[in-house]
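**Q** Chain by chain, the residues:
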Amino acid sequence: MKFNEGVNNVYLNKPVLDKIKKSYLKSDPSKIILRGFLNEDIYQQRYSKLKRQKIKQIKIPDRFSFKKYALLQEVKEVFDNKEFKEFLSAIIGKEVKKINLEIREYGWKDYTLLHDSEEKGRRVEFFFIFAPKWDDFYGGSKIYEKNGKAFVFSPIGNSFCLINKKKDVLGFLQYINNYAGSQSIILVEGWI
Amino acid sequence: MKTQFISNYPYKHIIISNFLSDKKAKELLRALKKEKFEEKDSDLFQFRQTQELKYSKNKTIREFYRFFGSREFLNSIGKIMGKKLRKSDMAGTLYIDTDYLLCHDDRLEGRKIAYVYYLSEDFKEKDGGAFVLFDSKNKKVTKAAKKYYPKWNSLLLFEVSKKSWHEVEEVVGNKKRYAIGGWFH
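Chains A and B supply the protein sequences, listed in that same order. If you're matching positions, the first sequence starts at 0 in numbering that gives the first Met the number 0 and goes up one per residue. If you're matching positions, the second sequence starts at 0 in numbering that gives the first Met the number 0 and goes up one per residue.
The reader is advised that the hints may include incorrect statements.
Claimed, not checked - Derived pair list, reagent style DSS-like, types lysine-lysine, alpha-carbon separation capped at 25 Å: (1) 108/A - 162/B; (2) 13/A - 30/A; (3) 86/B - 55/A; (4) 136/B - 58/A; (5) 86/B - 53/B; (6) 11/B - 35/B; (7) 145/B - 33/B; (8) 58/B - 66/A; (9) 35/B - 108/A; (10) 108/A - 138/B; (11) 58/B - 58/A; (12) 108/A - 21/A; (13) 55/A - 32/B; (14) 20/A - 66/A; (15) 58/A - 175/B; (16) 108/A - 25/B; (17) 33/B - 58/A.
Stated by the list, open to error - Covered stretches of chain B (chain A as the covering partner; in silico rule of three or more C-beta atoms under 8 Å from a C-beta of chain A): (18) 42-48; (19) 95-108; (20) 158-171.
The set of hints was computed from the structure by calculation and includes no laboratory data. Just so you know, even glycine gets a beta-carbon here, dropped at the ideal spot from N, CA and C.
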């Protein structure tokens with residue numbers, strides 16, 4: 000499957016894409032959230048497939064705690080191909096040559112902390128969210144900080160978020176508390 | 000106590016039970032509850048904290064603050080820890096349901112010994128709120144090595160060093176985790 004077949008058609012519309020680019024470049028730091036990013040059936044298929052994967056808990060206490068997935072072909076074909084690179088280029092206004100991808104699951108007691116070395120070399124970061132019905136009170140929001148100001152991306156399923164990390168923007172995933180219970184969120188995290 | 004402090008794993012620390020008389024501890028808790036707690040949050044923590052307690056208007060709190068900063072007490076603690084201590088700072092903390100403090104080492108200019116004086120009713124595993132000490136290797140934190148659940152009227156002291164990695168587990172449920180803490184410099 001190509002990216003163009005999986006993404007919500009509205010985001011392939013030239014005037015819409017121009018508006019997204021304008022909004023992205025106008026904000027400081029440059030950022031955008033696109034809701035209902037994939038076609039619903041593609042989103043649900045990928046979500047079900049991911050939930051069946053074997054995963055490994057990874058924890059470095061002073062840096063992060065999450066479960067790491069192997070890079071599924073079904074995820075790569077959406078977020079690491081020529082069409083997706085062109086889509087990103089159209090928003091950020093620069094050619095995208097290489098994409099780095101990771102799939103992580105965050106549940107109760109998981110988090111990432113602000114860490115310079117972790118973020119080094121990530122000029123533009125994006126993440127796509129697979130999530131059940133989620134309450135912000137559970138935690139799990141992706142928060143970026145610049146000069147003491149915070150920008151919060153709530154974990155809403157089927158959302159695509161993009162942010163420019165230059166000029167001292169650092170991000171972390173807020174600790175997920177006991178109200179999440181056995182629920183978790185899965186993030187396809189990428190950077191260029 | 001000195002031997003215990005030095006030999007405790009994974010880094011130098013000690014817990015002193017029944018630190019004050021029960022009556023004094025209860026009086027202090029009553030006073031602490033009247034202080035204003037402000038919510039603090041960052042990537043590393045979410046909990047509530049008072050102002051520096053030397054500014055408290057409450058007589059009982061100020062007395063406790065003066066006691067901690069007295070030459071006599073600094074010398075006694077310094078003897079156990081093998082350090083020359085000059086002064087202490089102090090604030091009240093409150094952790095309620097979902098509050099936590101993730102893994103860090105407390106290192107900051109001048110901090111020699113960290114302390115936490117617990118004024119909450121005893122916590123059990125299901126309540127969370129444990130103070131967790133981490134092991135480290137080659138200056139890198141590895142795994143949780145020891146846990147202490149808050150125990151009424153007990154004082155925890157540990158040496159601030161490259162090894163002093165610790166966290167406060169998330170509090171789960173309705174218990175309130177009151178404590179007074181700070182550092183000896």
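**Q** Each hint should be assessed against the structure and marked as holding or not.
**A** Taking the hints in turn, this is what the structure says about them:
1. For the hint pairing residue 108/A with residue 162/B, the CA-to-CA distance comes to about 23 Å; that is within 25 Å, so the pair holds.
2. For a cut-off of 25 Å, the pair hint linking residue 13/A to residue 30/A stands: about 19 Å separates their Cα positions.
3. Distance check on the hinted pair: residue 86/B and residue 55/A sit about 46 Å apart at the alpha-carbon level, beyond 25 Å; violated.
4. Note on residue 136/B and residue 58/A: the hinted pairing holds, with a Cα-Cα distance of about 15 Å set against a maximum of 25 Å.
5. Distance check on the hinted pair: residue 86/B and residue 53/B sit about 12 Å apart at the alpha-carbon level, within 25 Å; holds.
6. Among the hinted pairs, residue 11/B with residue 35/B is inconsistent with the structure: their alpha-carbon atoms are about 33 Å apart, more than 25 Å.
7. A distance of roughly 33 Å separates the Cα atoms of residue 145/B and residue 33/B; the hinted pair therefore is violated under the 25 Å criterion.
8. Between residue 58/B and residue 66/A the CA atoms are separated by roughly 50 Å; this puts the pair beyond 25 Å, and the hint is violated.
9. Note on residue 35/B and residue 108/A: the hinted pairing is violated, with a Cα-Cα distance of about 29 Å set against a maximum of 25 Å.
10. Pair hint residue 108/A plus residue 138/B holds up; C-alpha atoms about 24 Å apart against a cutoff of 25 Å.
11. Only pairs whose Cα atoms come within 25 Å are accepted, and residue 58/B paired with residue 58/A is rejected, the gap being roughly 45 Å.
12. At roughly 38 Å between alpha-carbon atoms, residue 108/A and residue 21/A are farther apart than 25 Å, so this suggested pair is violated.
13. As the CA atoms of residue 55/A and residue 32/B are separated by approximately 43 Å, the hinted pair breaks the 25 Å bound.
14. With a C-alpha separation of about 33 Å, the suggested pair residue 20/A and residue 66/A falls outside the 25 Å cut-off, and the hint is violated.
15. Restraint check for residue 58/A and residue 175/B: the C-alpha separation of about 28 Å exceeds 25 Å, so the hint is violated.
16. With a C-alpha separation of about 33 Å, the suggested pair residue 108/A and residue 25/B falls outside the 25 Å cut-off, and the hint is violated.
17. A hinted pair counts as satisfied when its Cα atoms are at most 25 Å apart, and residue 33/B with residue 58/A does not qualify at roughly 39 Å.
18. Only residues whose C-beta sits within less than 8 Å of a C-beta in chain A count toward coverage, and the region 42-48 of chain B has 3 of them, enough to reach three; the restraint holds.
19. Residues of the region 95-108 of chain B lying with their CB closer than 8 Å to a CB of chain A number 7, which satisfies the three-residue condition for coverage.
20. With 4 residues having a beta carbon nearer than 8 Å to a beta carbon of chain A, the region 158-171 of chain B meets the requirement of three or more and the stated coverage holds.
Violated hints for the displayed structure, listed by number in ascending order: 3, 6, 7, 8, 9, 11, 12, 13, 14, 15, 16, 17.
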